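Starting from two chains that each stand alone, build the complex the way the hints lay out.
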Amino acid sequence: MQAKERAYQWFINAVMALLACMCILPFILLVSSSITSQSMIIANGYSFLPREISFEAYAYIWNDAERIFNAYGVTILVTVLGTVLSLAVTSLLAYPLSRKDMPHRNFLAFFIFFTMLFNGGLVPVYLLYTQFFEFKNTVWALIFPMLLTNAFYVMIMRTFFQTTIPVEVIESGKMDGAGELKIFYKIVLPLSLPILATIGLFQTINYWNDWFNGLIFLTDSRLYSIQNLLNRILLDVQYLSSMDFGTAQDDLMAGLPTETIRLAIAVIGVIPIIAIYPFFQRFFVKGLTVGAVKG
Amino acid sequence: MKQAEAVKRQSVAGKERYRVTLPVRWKEYRKYSVLFLMMAPGLLYFIINNYLPMFGMVIAFKDINFAKGILASDWAGFKNFEYLFKTRDAWIITRNTILYNGSFIIINLIAALAVAIILNEVRSKLLKKFYQSFILLPYLISMVIVGYLVYAMLSMETGFLNKSLLPMLGIEPIAWYSESKYWPFILPLVNIWKTAGYLCIVYLASIVGIDKEYYEAATIDGANKWQQIRSITIPLITPVIMIMTLLQIGRIFYSDFGLFYQVPLNSGALLDTTNVIDTYVFRALINLGDIAMSSAAGVYQSIVGFALVVVANFITRKINKDNALF
Numbered sequence: 001m002q003a004k005e006r007a008y009q010w011f012i013n014a015v016m017a018l019l020a021c022m023c024i025l026p027f028i029l030l031v032s033s034s035i036t037s038q039s040m041i042i043a044n045g046y047s048f049l050p051r052e053i054s055f056e057a058y059a060y061i062w063n064d065a066e067r068i069f070n071a072y073g074v075t076i077l078v079t080v081l082g083t084v085l086s087l088a089v090t091s092l093l094a095y096p097l098s099r100k101d102m103p104h105r106n107f108l109a110f111f112i113f114f115t116m117l118f119n120g121g122l123v124p125v126y127l128l129y130t131q132f133f134e135f136k137n138t139v140w141a142l143i144f145p146m147l148l149t150n151a152f153y154v155m156i157m158r159t160f161f162q163t164t165i166p167v168e169v170i171e172s173g174k175m176d177g178a179g180e181l182k183i184f185y186k187i188v189l190p191l192s193l194p195i196l197a198t199i200g201l202f203q204t205i206n207y208w209n210d211w212f213n214g215l216i217f218l219t220d221s222r223l224y225s226i227q228n229l230l231n232r233i234l235l236d237v238q239y240l241s242s243m244d245f246g247t248a249q250d251d252l253m254a255g256l257p258t259e260t261i262r263l264a265i266a267v268i269g270v271i272p273i274i275a276i277y278p279f280f281q282r283f284f285v286k287g288l289t290v291g292a293v294k295g
Numbered sequence: 001m002k003q004a005e006a007v008k009r010q011s012v013a014g015k016e017r018y019r020v021t022l023p024v025r026w027k028e029y030r031k032y033s034v035l036f037l038m039m040a041p042g043l044l045y046f047i048i049n050n051y052l053p054m055f056g057m058v059i060a061f062k063d064i065n066f067a068k069g070i071l072a073s074d075w076a077g078f079k080n081f082e083y084l085f086k087t088r089d090a091w092i093i094t095r096n097t098i099l100y101n102g103s104f105i106i107i108n109l110i111a112a113l114a115v116a117i118i119l120n121e122v123r124s125k126l127l128k129k130f131y132q133s134f135i136l137l138p139y140l141i142s143m144v145i146v147g148y149l150v151y152a153m154l155s156m157e158t159g160f161l162n163k164s165l166l167p168m169l170g171i172e173p174i175a176w177y178s179e180s181k182y183w184p185f186i187l188p189l190v191n192i193w194k195t196a197g198y199l200c201i202v203y204l205a206s207i208v209g210i211d212k213e214y215y216e217a218a219t220i221d222g223a224n225k226w227q228q229i230r231s232i233t234i235p236l237i238t239p240v241i242m243i244m245t246l247l248q249i250g251r252i253f254y255s256d257f258g259l260f261y262q263v264p265l266n267s268g269a270l271l272d273t274t275n276v277i278d279t280y281v282f283r284a285l286i287n288l289g290d291i292a293m294s295s296a297a298g299v300y301q302s303i304v305g306f307a308l309v310v311v312a313n314f315i316t317r318k319i320n321k322d323n324a325l326f
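Line order of the protein sequences matches chains A and B.
Here the numbering used here is used: position 221 in the first sequence is 221, and no number is missing along the way.
Here the numbering used here is used: position 176 in the second sequence is 176, and no number is missing along the way.
This is chain B alone, in the form it adopts within the complex (with noise of 0.2 Å):
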């Protein structure tokens, strides 16, 4: 009976033909219904962590009047940009933040790709397990204790390098948390430290999916361990370098807030060499309360940011459509 009359309405006019489609569109949408609900929580959850505040980026643009409410404060244009650049700031933040994360990306690679090979050569598989654990413990622990860790190395009055290994080396006291010369140092130390692990088991678990054949067919074919591992382990787990390297290249305007934060125990004389954007944008919030500042800092980072992901993804599709992640 119903189906007739559809029949009939369809036959009548285009205009007509739309109200007949769409009961059939709802009826789908209603076998989905429970799917639907069920995504419902996460969805919201999205919304409202994260595109919510994509939108509440036009505070930047704003000139913020508690007063007039957040959104509507007058417009404001560019001008908290311009203030922000104008201060020497913007200049040391964007330095220090591209140059330590570059930095860290190059020494974390070498460094774990080392050490992922090294641990590779290992025959025992209970020595092997034994170091695995040991290397990504680091990984496991809060930047807090971390920070606690270096406290304990660089502390001024009873640190274990002013009072035990400088004395040795006929070294005066440095001031570690004071001087800010020494931290370009002391923090990819502790970066190392505490990352490299994690990029070693990534790349010791495809070193490990190598087929033994190649290896059997180049010890026959009389090639020592280096040329092997030149020949045959670095070329076969490029893709994974490569993936997990245009991952941080995209992430490279973002930082490790606590590396940053913590390490250093929010020392005011060490802002030049640890002041980096994440920093920068969470001391003006929070301590200074300075909206302005700190949301236009907090924009510039979220575009370029954006836009290094693209093109670091935009070059991963040129060399290698497989490996990259859209």
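For reference, chain A alone in the conformation it holds in the complex (with noise of 0.2 Å):
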């Protein structure tokens, strides 16, 4: 029974190990390609395991450090101007929906609630955007369309609200007199931590992985965040010929390693989040049951 058990285990864990390889196998082709040599590259293709190290890719980037360091900027700008003002009317709207007492609140329920059911397209969106608003090529563009981007995150905080603040808490800071504003600050935000940080995390991880708002409302390239960089030099395979990588033009003559720079500037955008994943991995995994589960 023993022996057999064992091998069970063995063999269970021989399966899972190869799934988990099977999902990291591509970033390991990416990296150990980002630090081969252009004429290796050329003569055996992109490959798991580097036969000659070279990180010329990264010196080409490197003397070009503005452009990739601007979409950078971009991109941690959007990520906490977007999280934090997503998180302020993601709480300030499903507090008063929480309240058992708030007049209407069913049917304010509904209005939001609809709008994960019904939505009138891309093309109405794009107009409201560009010819009402004028967001086309403002640092807005990348921000407001995705505040509020998923009305499941009012739901479930709306019952976060509800099933963790009792209501004899916020009765008693009615007694002792606080404004209405005042218990929301200062007593159901400190008690809602938890959610805070999942919803937080989630539009977090949203605004820095967006691309498509930079696709379609962006043209100047000095907007562009990370992503959207990332997805210019992929699509446009004349885009990275022509940045300027401090070549003199006859080096350019001799020829970029654009297939190995290509992938060095994917490496750079990829390991921010990677390189944090095992910090934050505990409340993605909390953060995704709860947003499976009803809100």
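Hints were generated in silico from the structure; no laboratory data involved.
Given the structure is predicted, the values throughout are model-derived calculations rather than measurements.
Using N, Cα and C, we set each Cβ at its ideal position, and we do this for glycine too.
Be careful, since some hints might not be right.
As the list claims (entries may be wrong) - Distance windows between CB atoms, simulated: (1) A/189 x B/66: 46 to 54 Å; (2) B/304 x A/176: 48 to 56 Å; (3) B/78 x A/164: 45 to 53 Å.
Right under this line is the structure:
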């Protein structure tokens, strides 16, 4: 029995290890190819083990680091501002909805919920933001469309307020003469840090990974986030060679190591999220499973 | 004093009574004015971002003339839709959208469920956590990055498949990005790699929640692992499976734009097997500036999509009321 169980565990673990490998192998291919020399890539293609280690792609990128830093700056600005604004608007909306005594709360909840069922599609949204709000080529185009991108977050937060903050606590706050706003930020918010952290984390990832809004609203490459820069380099073959890597003209004739630069930039774009992943993984898993249960 | 006045008025006539009750109602609202104010930014946001575009759907019924302005343009009736459905594209994007998303739902369900069950069998807590992290990693990455990963595999001149794997098997290099026949296999693979991990974690969470006593009793009765999975695990997590699947069926008309746009590198040669409604609307609007066609396709998607959500929910309600969304 013991031996049988042990063999079974070995088998199960082997299957899972194989699956786990399949999940990260593409990343290994990416990183290993980015540190291979261009000539090796031309001869042997991208491979999982670098045959001749060379950091030339990273050296080229370092020469034109300004563009990457700029894109990083945009991404960080949009992510921080977007997440903070998003949390503020979401919690301010969810708290009154969670109050049993709030007039019209069912109608208001349906008003929000309905946006999950039905939407007008891309064209009216695009025309609204470009024709009426003139968001085109502004940083707001990257922030505003995703502010309450998912009405689900409002619902989840409302449920959290409803189930974890006792009515007595709010009542006693009122007895002490605190106004609604004071109750909200002195009592409700400090008790709701777990849900704020979870939704904040999700919005951070959403903003960090967003490239769609940049794709439709930006033509000015100075406002490119890191994702938009990556997107442009991948889809527009000409774009990379048009970038100025501080090389002289005759160097260009010799040819940029475009095949490795391309991957090196992708590595630079993906590293931050992989680097911090182990630290937020726990909250992330918790958030996913909360989100799956009806809010 | 005021109260006495109110009582006096109330007794006068029905019309008068209305005047008295109104201020009382307003007083109640005033008590909640701060709460209403707190909600204002969020509600305003939904009005701008979601409700105005719903009314903006009238664009699809207009003969757009920018000189006149969008809303002042002449009505076109269903002409835009007639044009749209006369094209071959209308059929292709509908077919691709439904077939791809339909197969994603089935494949992901089977894969995620299988992996969740296997993962639950792992004894070591540490290894379990380890596998979980790895499986979930692709879900975190943006589609642009996924596009790069796929490119590293499939690139014509330098891709891993064409340079390393296929020569080993003695197969000639394949121009992946210009041959549309391979993409009905590539896209589901990429999709499963990216999203099955998420579903797997959700299912795992509900499997972990099952009472251990069921399994102990089953073991005593001599049930083997497979029998336990079939008659305990799967029946007990069926509600979760139903919710997750119906949510996806309700959204079958909406595709993961990045998967169909970034991963095939927006390649025109692949449109036959990679164009879906979302990418069609995007290209018609941004690349061609064809508002008539793109808005008609968008309205088509919104209406059918909404109908599907309602039907999916209706069916869920019939089976189990608690699982329904509304």
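Do the hints match the structure? See the list:
1. In this structure the hint that residue 189 of chain A and residue 66 of chain B lie 46 to 54 Å apart at CB holds, the actual value being about 47 Å.
2. The given range of 48 to 56 Å is respected by residue 304 of chain B and residue 176 of chain A, whose C-beta atoms sit roughly 54 Å from each other.
3. Under the hint 45 to 53 Å, the C-beta atoms of residue 78 of chain B and residue 164 of chain A, about 51 Å apart, fit the expected range.
Going through the hint list in order, the structure satisfies each hint without exception.
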